[in-house]
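Residue numbers (this note's numbering), protein chains in the order written: chain C, 1 to 330; chain H, 1001 to 1330; chain E, 2001 to 2330; chain P, 3001 to 3330.
Watch out, some of these pointers could steer you wrong.
Stated by the list, open to error - Once the Cα atoms are required to be at most 20 Å apart in a straight line, the calculated SDA-like pairs of lysine to any residue come out as: (1) H/Lys1266 x H/Ser1250; (2) P/Lys3266 x C/Gly44; (3) P/Lys3266 x P/Thr3278; (4) C/Lys266 x P/Ala3045; (5) E/Lys2266 x H/Ala1053; (6) P/Lys3266 x C/Glu56; (7) P/Lys3266 x P/Asp3246; (8) E/Lys2266 x H/Ala1052; (9) C/Lys266 x C/Arg289; (10) C/Lys266 x P/Pro3055; (11) C/Lys266 x C/Thr278; (12) E/Lys2266 x H/Pro1055; (13) E/Lys2266 x P/Tyr3193; (14) P/Lys3266 x C/Ala53; (15) C/Lys266 x P/Cys3046.
Claimed, not checked - Among the chain P residues that face chain C by a calculated CB cut under 10 Å, a handful are: (16) Asp3028; (17) Ala3052; (18) Glu3056; (19) Arg3263; (20) Asp3274; (21) Gly3277; (22) Thr3278; (23) Gln3280; (24) Pro3330.
It is worth saying that the hints were derived from the structure and are not from the lab. These numbers come from a predicted model, not from an experiment. Heads up, the beta-carbon is just placed ideally off N, CA and C, and yes, glycines get one too.
4 protein chains.
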Amino acid sequence: MHNHAIARVGVLGATGYTGRELLRLLADHPRVRIAFATSEREAGACLSSLVAAAPELPLVRADDAPLGDCDVVVSCLPHGESMVWMERARAVGVRAIDLAADLRVPDAETPAWAAEVVYGLTELHRAQVAEAELVANPGCYPTAAILALAPLLRRGLARGPVVINAASGVTGAGRAPRADLLFAEVAESFAAYAAGNVHRHLAELRAQTEALGNGSTPELVFTPHLLPIRRGILETIYVPLAEPLDAPLSPWLDDYASEPYVRVLKDRLPSVADAVGTNQVVIGAVAVRDVSQPMLIVVAAIDNLLKGAAGQAVQNLNLMLGWAETEGLP
Amino acid sequence: MHNHAIARVGVLGATGYTGRELLRLLADHPRVRIAFATSEREAGACLSSLVAAAPELPLVRADDAPLGDCDVVVSCLPHGESMVWMERARAVGVRAIDLAADLRVPDAETPAWAAEVVYGLTELHRAQVAEAELVANPGCYPTAAILALAPLLRRGLARGPVVINAASGVTGAGRAPRADLLFAEVAESFAAYAAGNVHRHLAELRAQTEALGNGSTPELVFTPHLLPIRRGILETIYVPLAEPLDAPLSPWLDDYASEPYVRVLKDRLPSVADAVGTNQVVIGAVAVRDVSQPMLIVVAAIDNLLKGAAGQAVQNLNLMLGWAETEGLP
Amino acid sequence: MHNHAIARVGVLGATGYTGRELLRLLADHPRVRIAFATSEREAGACLSSLVAAAPELPLVRADDAPLGDCDVVVSCLPHGESMVWMERARAVGVRAIDLAADLRVPDAETPAWAAEVVYGLTELHRAQVAEAELVANPGCYPTAAILALAPLLRRGLARGPVVINAASGVTGAGRAPRADLLFAEVAESFAAYAAGNVHRHLAELRAQTEALGNGSTPELVFTPHLLPIRRGILETIYVPLAEPLDAPLSPWLDDYASEPYVRVLKDRLPSVADAVGTNQVVIGAVAVRDVSQPMLIVVAAIDNLLKGAAGQAVQNLNLMLGWAETEGLP
Amino acid sequence: MHNHAIARVGVLGATGYTGRELLRLLADHPRVRIAFATSEREAGACLSSLVAAAPELPLVRADDAPLGDCDVVVSCLPHGESMVWMERARAVGVRAIDLAADLRVPDAETPAWAAEVVYGLTELHRAQVAEAELVANPGCYPTAAILALAPLLRRGLARGPVVINAASGVTGAGRAPRADLLFAEVAESFAAYAAGNVHRHLAELRAQTEALGNGSTPELVFTPHLLPIRRGILETIYVPLAEPLDAPLSPWLDDYASEPYVRVLKDRLPSVADAVGTNQVVIGAVAVRDVSQPMLIVVAAIDNLLKGAAGQAVQNLNLMLGWAETEGLP
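Let the sequences and hints guide you as you build the complete structure.
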């Protein structure tokens, strides 16, 4: 249906870590022209000062962005700030991908114009993404967790509570200056935050695991940690099983055999380094010895700026435009 | 009974990270004289080349160490290599502290000369340590986990499986050159290892939690990870509870009120940075929301080279010599 | 003349990296009582939340600090903000140590009340510091550079231009949130800043090298760099020599033989790790091969928060109070 | 002359940091087929275990490598070990690129078969590289230094001594396990090594600067340092000038206007982060104030594994095969 030779793409919020990563991908994408990129603070500066390969375009304020002049607009604006621009884009009939959290879990308060939003976890909702006018790009932690758990959930194998012990590099926290993200605070340390099931991503995790679980969804316990690295996420997930698995990896090998961006490791568990710089979710699993109820440890690694944000946005963009899903991705 | 004004202490295996940390503490200890320090590879070099504050003594080979000339010998030799020297020390009547793992869980194969070994987790076995001829200094991961869990285990509050998600800096892996510990491999990465309940420390963890649990000990799931930091351990421990706790911190506040090296945080969870450079176990806890069986997340941080090794050895040394437990410690 | 058994010390600006390091030192100093510590933003919080070993005192605003109630006040306030408080302290007759840059190079604009200021590079101005009412504590870069160069300057051996290629950890830039000091910006990078002889520390460097050089002071070229480490400075200094030196290290070995905080390495050059956590300036030197004019490379390492700031402040404090210079220092 | 649609390339020594980077580039290169890759220790393992995108080929021992089956062989073997294989490749008539140092400065001991060797600093020797049978790929430090200095040397503007203060990430030291390259030794430190003009790269630096200088070559002082980062080099170069430059950047802007892999910054100095992940040499310069002889500080940054090794090797490979120089490069 949609099949553009070349598409014009606008970027809202281009100066954060996610925005710059997206610019980098779009600048090298063979079928994309960057229509505009916005920044309130750095308006006037040249895109190529952010990303050397980007075109010699000036950044503009969002208010000055020619929303109607592009085929798709992608927003990397912060949670809470993105929604108004998504509404404006839709009002002028432009398709949109939102990397903020606001539209990922539609509820009673979701406005009518956004009712048709598609949750853009590409591997799960490929067909809907292709037709979508509005895509909510998943959060970084949920992307890794949901893809790691889906094969067990679909088979009704997971029992609760599933403990998701997650750790992320600092770019996941954004580029706004914060004292707790200074080099001298983060280096040589490590800590949990938002522990006790109070993290914003839980609603998103629960909505998707419930959809996959067909009524037998396990409870989740989610604890993020801050790692002294720039990018990358590792999630160590403890899953009580309904029954022991003879071949612990077979659900993932079966489900993801033809996925270009899921890599299942057969003989070891993934590290953050396996995923950084790629658009892959890298997954491994190992059975736990000496426990009375069978348990599997599933480990998933992603690059939070690629598969966890800008990379998956490009996957979705490709689908929306009728292109190969891998176009322009590393 | 034992009460020395000054004691002579020998150090076996002084050139690893733990050995050097111990030398640093002993060099500044007001009541200790370093009798000798050994190294097979660096024999002949001066102690002060390892630790600037150490005396101008040459390192000697273990075979040349005057074991009988000291009041206590402390071994920082690797697992497997330490035992023969502990036997020799005991044979000449010298008291000994062993930082290797071999004697921590006495079993049918433990030789007769080591039968009297005391497990040196100071806060749990203070009286026995004071009288001990032979102390097995605890492992770094177990030190944090056991002190974090003891208040729940003693009260019969913990149910299983208890998930201990642990992460350590690289000095925990020793100073022998290994390709996987090179800066370029460790930096900007993070990974689990020995996942699935296969780590050596499990026997030690189980032996101590069983002793504390009085027959109702929960099963454990222990997963260590390697952090891109030099020192420090953080353990995020998920404990299903027999019943909800009204005041989640009270078991720790009660049990550790007078402990010089346990710090309970009342309003936040600890980070690695809270513990590094100190001999403290820093502990915090938070209840988990939205789960049907009550669960507590207990987080414990230590410096693996201090409370997790050399610092606790000095705590034990002080007790063995009739001194204040805090003597010579930061 | 001054000889207090115990002294009361006030700290202005206690929440930055230097302020906290000073609190840490003073909290462990056997002859110091902390009279007060100030913070505009964190007033009301407890000192022990900053530094676990500090007393249970609330931080106060500088306006509320009882300046007159202490024997010495030490200011860790930023450059430009410190001066007014130094004036107030002197007005009530309290002796003061200023860690800001404003008073380090007295000139025509220095106010009368500050005319008597002593430059507190302890090893060079020990006697004057002991009697001083007002001490300007040296900058971190100048401390290392001046102590590294002094033995050559005194002997008239240095020719210009002397190239001081310096690199510092991020705590040297302070704790205020700045986007360029975020972990994700600093890690895995390295860059020069203030290159081309435009750094503020040059006036201080020139004033002191001129005083040492007796009219034959060489020109300086000073280039600082930002290192992806938390603390520590390394300066690699290229000194053209008036004549070759037979024993390149002898000027330092001779001049610093009895200095407690200068360590001269005989067989290798220092690394940052040699100095971090200590109050030492660690110095090494090597002659350059295959150049027509003789040249020496002198390398100096310090901990910017200790010898480069709070540690040297305590050295000076000790002298001012008639105590051993090493009291309370690591 | 040479113009292949597709070429078969063999890689000697594929498991070090340079070898893996080269595999990564070749695996994505649209006109290259990897003919073989060698490793003595990991023979039998699959290329894709080293580099996910590489083909499913087993690593072979160098003795088993079908040297004659490829169009070009590239050696990433260590200095000293590479030469014998270069000789064998040439003996069977295969063109070769050597990343080891041995052939970079031909002298009386260079064997006859290697007499025709071309120094592969692409920007300086493009035409010769295109025709070469044997290319000595430059060292990482010399690549940055020579390209930074060339515009001044060609114009006879540089006077001596030129101080090259260089700093490199740890992958420059290779992947063999060495205690001094462990994470715990490198992190939070910084140090000079091979100071005093004793580094192997000096001969290479001198040979090239002499060739550029037309008889008025300045003396060099070269001091490398080890940075706590994985990859990247920054060189801060102090150049006394024959005369002041009105437009300090014009020599670089003029000489490199059409170079695809030299980026001249107009308004700031480069950081390591500007170059990492690219094949660029990023160059900036600033005049030094307040010195009697004019001096320029030239700063150059490269990725030591790309422009400093594997990236430049691909640049040369492309030229040798008659392709666009940028083919297959990021």
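Hint-by-hint comparison with the structure:
1. H/Lys1266 x H/Ser1250: Holds, because 10 Å separates the two Cα atoms, which is no more than 20 Å.
2. P/Lys3266 x C/Gly44: holds (18 Å)
3. P/Lys3266 x P/Thr3278: Holds, because 19 Å separates the two Cα atoms, which is no more than 20 Å.
4. C/Lys266 x P/Ala3045: Since the Cα atoms of C/Lys266 and P/Ala3045 sit roughly 15 Å apart, the hinted pair holds (cutoff 20 Å).
5. E/Lys2266 x H/Ala1053: Between E/Lys2266 and H/Ala1053 the Cα gap is close to 17 Å, so the pair holds against 20 Å.
6. P/Lys3266 x C/Glu56: holds (15 Å)
7. P/Lys3266 x P/Asp3246: Between P/Lys3266 and P/Asp3246 the Cα gap is close to 14 Å, so the pair holds against 20 Å.
8. E/Lys2266 x H/Ala1052: holds (14 Å)
9. C/Lys266 x C/Arg289: Within the cut-off at roughly 18 Å; holds.
10. C/Lys266 x P/Pro3055: With a Cα-Cα distance of about 18 Å, the restraint between C/Lys266 and P/Pro3055 holds, given a limit of 20 Å.
11. C/Lys266 x C/Thr278: holds (19 Å)
12. E/Lys2266 x H/Pro1055: holds (18 Å)
13. E/Lys2266 x P/Tyr3193: holds (15 Å)
14. P/Lys3266 x C/Ala53: holds (17 Å)
15. C/Lys266 x P/Cys3046: holds (14 Å)
16. Asp3028: holds (9 Å)
17. Ala3052: holds (7 Å)
18. Glu3056: At 14 Å from the nearest chain C Cβ, P/Glu3056 fails the 10 Å test, so the hint is violated.
19. Arg3263: holds (7 Å)
20. Asp3274: Constraint on P/Asp3274 satisfied, holds at 8 Å.
21. Gly3277: This hint holds: P/Gly3277 lies near chain C, its Cβ roughly 8 Å from the closest one there, short of 10 Å.
22. Thr3278: For P/Thr3278, the interface hint holds, since the closest Cβ of chain C sits about 7 Å away, which is under 10 Å.
23. Gln3280: Because about 8 Å separates P/Gln3280 from the closest Cβ in chain C, which is inside the 10 Å limit, the hint holds.
24. Pro3330: With a closest approach of 9 Å, the P/Pro3330 hint holds.
The structure fails to meet hint 18 from the earlier list, while all remaining hints are met.
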